[in-house]
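Student: The residues making up each chain are set out below.
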Amino acid sequence: MSVDITTVKRVARLARIAVSEEDAARMTGELNTILGFVEQLNEVDVRDVEPMTSVTPMAMKKREDIVTDGNKAADIVANAPATEENFFLVPKVVE
Amino acid sequence: MTELTKLTIAEAREKLKARKISATELTDAYLGAIDAANEAFNAYVAVTHDKAREMAKASDARLAKGEGGALEGIPLGIKDLFATEGVHTQACSHVLDGFKPRYDSTVTANLWADGAVMLGKLNMDEFAMGSSNETSYYGPVTNPWRAEGSNAQLVPGGSSGGSAAAVAAFLCAGATATDTGGSIRQPAAFTGTVGIKPTYGRVSRWGIVAFASSLDQAGPIARDVRDAAIMLKSMASVDDKDTTSVDRAVPDYEAALGKSLKGMKVGIPKEYRMDGMPAEIETLWQKGIAWLRDAGAEIVDISLPHTKYALPAYYIVAPAEASSNLARYDGVRYGLRVPGKDIIEMYENTRAAGFGDEVKRRIMIGTYVLSAGYYDAYYLQAQKVRTLIKRDFENVFADGVDVILTPATPSAAFGVADQEMNSDPVKMYLNDVFTVTVNMAGLPGIAVPAGLDSRGLPLGLQLIGRPFDEETLFQTAHVIEQAAGRFEPQKWW
Numbered sequence: 001m002s003v004d005i006t007t008v009k010r011v012a013r014l015a016r017i018a019v020s021e022e023d024a025a026r027m028t029g030e031l032n033t034i035l036g037f038v039e040q041l042n043e044v045d046v047r048d049v050e051p052m053t054s055v056t057p058m059a060m061k062k063r064e065d066i067v068t069d070g071n072k073a074a075d076i077v078a079n080a081p082a083t084e085e086n087f088f089l090v091p092k093v094v095e
Numbered sequence: 001m002t003e004l005t006k007l008t009i010a011e012a013r014e015k016l017k018a019r020k021i022s023a024t025e026l027t028d029a030y031l032g033a034i035d036a037a038n039e040a041f042n043a044y045v046a047v048t049h050d051k052a053r054e055m056a057k058a059s060d061a062r063l064a065k066g067e068g069g070a071l072e073g074i075p076l077g078i079k080d081l082f083a084t085e086g087v088h089t090q091a092c093s094h095v096l097d098g099f100k101p102r103y104d105s106t107v108t109a110n111l112w113a114d115g116a117v118m119l120g121k122l123n124m125d126e127f128a129m130g131s132s133n134e135t136s137y138y139g140p141v142t143n144p145w146r147a148e149g150s151n152a153q154l155v156p157g158g159s160s161g162g163s164a165a166a167v168a169a170f171l172c173a174g175a176t177a178t179d180t181g182g183s184i185r186q187p188a189a190f191t192g193t194v195g196i197k198p199t200y201g202r203v204s205r206w207g208i209v210a211f212a213s214s215l216d217q218a219g220p221i222a223r224d225v226r227d228a229a230i231m232l233k234s235m236a237s238v239d240d241k242d243t244t245s246v247d248r249a250v251p252d253y254e255a256a257l258g259k260s261l262k263g264m265k266v267g268i269p270k271e272y273r274m275d276g277m278p279a280e281i282e283t284l285w286q287k288g289i290a291w292l293r294d295a296g297a298e299i300v301d302i303s304l305p306h307t308k309y310a311l312p313a314y315y316i317v318a319p320a321e322a323s324s325n326l327a328r329y330d331g332v333r334y335g336l337r338v339p340g341k342d343i344i345e346m347y348e349n350t351r352a353a354g355f356g357d358e359v360k361r362r363i364m365i366g367t368y369v370l371s372a373g374y375y376d377a378y379y380l381q382a383q384k385v386r387t388l389i390k391r392d393f394e395n396v397f398a399d400g401v402d403v404i405l406t407p408a409t410p411s412a413a414f415g416v417a418d419q420e421m422n423s424d425p426v427k428m429y430l431n432d433v434f435t436v437t438v439n440m441a442g443l444p445g446i447a448v449p450a451g452l453d454s455r456g457l458p459l460g461l462q463l464i465g466r467p468f469d470e471e472t473l474f475q476t477a478h479v480i481e482q483a484a485g486r487f488e489p490q491k492w493w
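Sequence order for the protein chains is G and S.
The first sequence maps to residues 1 to 95 in the UniProt record's numbering.
The second sequence maps to residues 1 to 493 in the UniProt record's numbering.
Some hints here could point you the wrong way.
[Said to hold, decoys possible] Only part of the chain S face toward chain G is listed, based on derived beta-carbon distances under 7 Å:
(1) S303
(2) P305
(3) Y309
(4) T367
(5) Q381
(6) T387
[Stated by the list, open to error] In silico lysine to aspartate or glutamate, EDC-like type, Cα no more than 16 Å apart, as pairs:
(7) S/K241 to G/E30
(8) G/K61 to S/D242
(9) S/K427 to G/D65
Treat the hints as calculated values from the structure; they're not laboratory data.
No residue lacks a Cβ here, since even glycine has one placed at the ideal position from N, Cα and C.
Let's have the full structure, built from the sequences with the hints guiding it.
Tutor: Laid out in structure tokens, this is it:
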């Protein structure tokens, strides 16, 4: 399978990365090189093979459903580019 | 003072305990070495002079009372991927500009609890995506090794290029690193250092910037096998904050060193003999086989039939996980923000400006293979192939093989801005051809220096072990180290 420039622009939109026409053209070639490389996986017989979901055979650790951490609003917003009273500030989303 | 920086962790530990040297002296020696040489290497992206001296002073106070942890007073470098409280933590990406976490990763917290001293943060490929350290926002790192009779600047490998270069150039006693497809073992091999990627789940991933969560593991890069064993003991832990951290006591890895290899079965996988592999790598591999046989191990030929599919499967699984993990860099909670006419444009502009080309490439591949209509063809197929890769290893271990010996990399270090590597992303990816299988199967792997090539550049061998059998890796790597000797670059800086 290979991608064309329209697909590349659509994927960039999904990935929320602004791309210029020039970027998209360059990326099309690069992505096709990589997709060409992974194509060989199709020759592997995977009948009756389960997809891997966990590399170590272990049950997910569980813990009691209680609060163990928190009350750190100031720490959480400390690195944000724009905040007000412990809220993250973003451009207006709804008119 | 410079000879202080030549001490291994084990040697420094003895001298510190015996109060023959102080942690402050040792730390000052390293800070002096960094200040004098970092410009040549670009290994550190932040040097924490004050914090280092403060930590060393506290170590001296504890040592004076006859107290102190396993790494008391040992100056370490920390890969920029590990969260360090109040200190530069940016995964060497522009998108994390100015990020200073309010907490430490579990690994670094473990190291500080054992008395280690932080010298600073080490350069790396952006978000650990690369095999040459050239994708870093902070520029490439220079390998302390040069080919004989040449001044050409070589890469230290990647993504833990800063860690490997700093260890090899005596700019820290040891360094933390991470490995998603070979990012500890390949740079270790390129710099004549020892690097171990532990079993998935052995070291907590909490507080380490995520790349591909089902593959990422942290481990040390050190000057020799003993130092790597000492560091891993402190880095590893059982951690409730990482649900994939395995509930298993951390053994004393150092105790495995010096044990006989009698009765041990070493597997030699025929699929690791690649077309176009330099003859010197094959020769080195044969040397390694002979050393282990001489030490009493039984050598057996084995087959890992799905080896060649590990790298293509990795380039689906890792970008898929990365595209999801890196969705968080949106200009809202931390780092860079580039404004736009609305919130979507702000996200798009921030990510376009903040991510480098390789990171964008991987996010794009990951987004594509997970997108509607392609999931089964790519992602599901890759995860099935991954099951087969793991099964190959399980079969040979079930047949009684204790450890597998392979080359660490298909070549020695190459040049900075190598045209062939940089013109084709897949060429660069092939650096990880021998290491990536280990991540796909969640196994432990260690790279140990085994010799020099005809140009005088270091080459490494890799040992792959059963899950959670890091002890056998240290034991076997130590035998190789004893036979091969240790390798130091000629000082030109």
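Student: Does S/D242 sit within 16 Å of G/K61, going by the straight-line distance between their CA atoms?
Tutor: 9 Å, holds
Student: Against the 16 Å threshold, does the CA-CA distance of S/K241 and G/E30 hold or violate the hint?
Tutor: 38 Å, violated
Student: Report holds or violated for the interface hint on S/S303, using the least CB-CB distance to chain G and a cut-off of 7 Å.
Tutor: Nearest chain G Cβ about 15 Å off; hint violated.
Student: Is the hint on S/Y309 kept, meaning its closest Cβ partner in chain G is under 7 Å away?
Tutor: Status holds, d = 6 Å.
Student: Regarding the hint that S/T367 lies at the interface with chain G, is the smallest CB-CB distance below 7 Å?
Tutor: Holds, about 4 Å.
Student: Just to be careful, I want the Cα atoms of S/K427 and G/D65 compared with a cutoff of 16 Å; is the pair within it?
Tutor: With Cα atoms ~48 Å apart, S/K427 and G/D65 exceed 16 Å; violated.
Student: For the hint on S/T387, just tell me whether its beta-carbon gets within less than 7 Å of chain G.
Tutor: 5 Å, holds
Student: Does the nearest C-beta of chain G fall within a distance shorter than 7 Å of the C-beta of S/Q381?
Tutor: Holds. Min distance 5 Å.
Student: Are S/P305 and chain G close enough, Cβ to Cβ, to be under 7 Å, as the hint says?
Tutor: S/P305 check fails; min Cβ-Cβ to chain G is 10 Å, beyond 7 Å.
The structure does not agree with the numbered hints 1, 2, 7, 9 stated previously, though it agrees with the rest.
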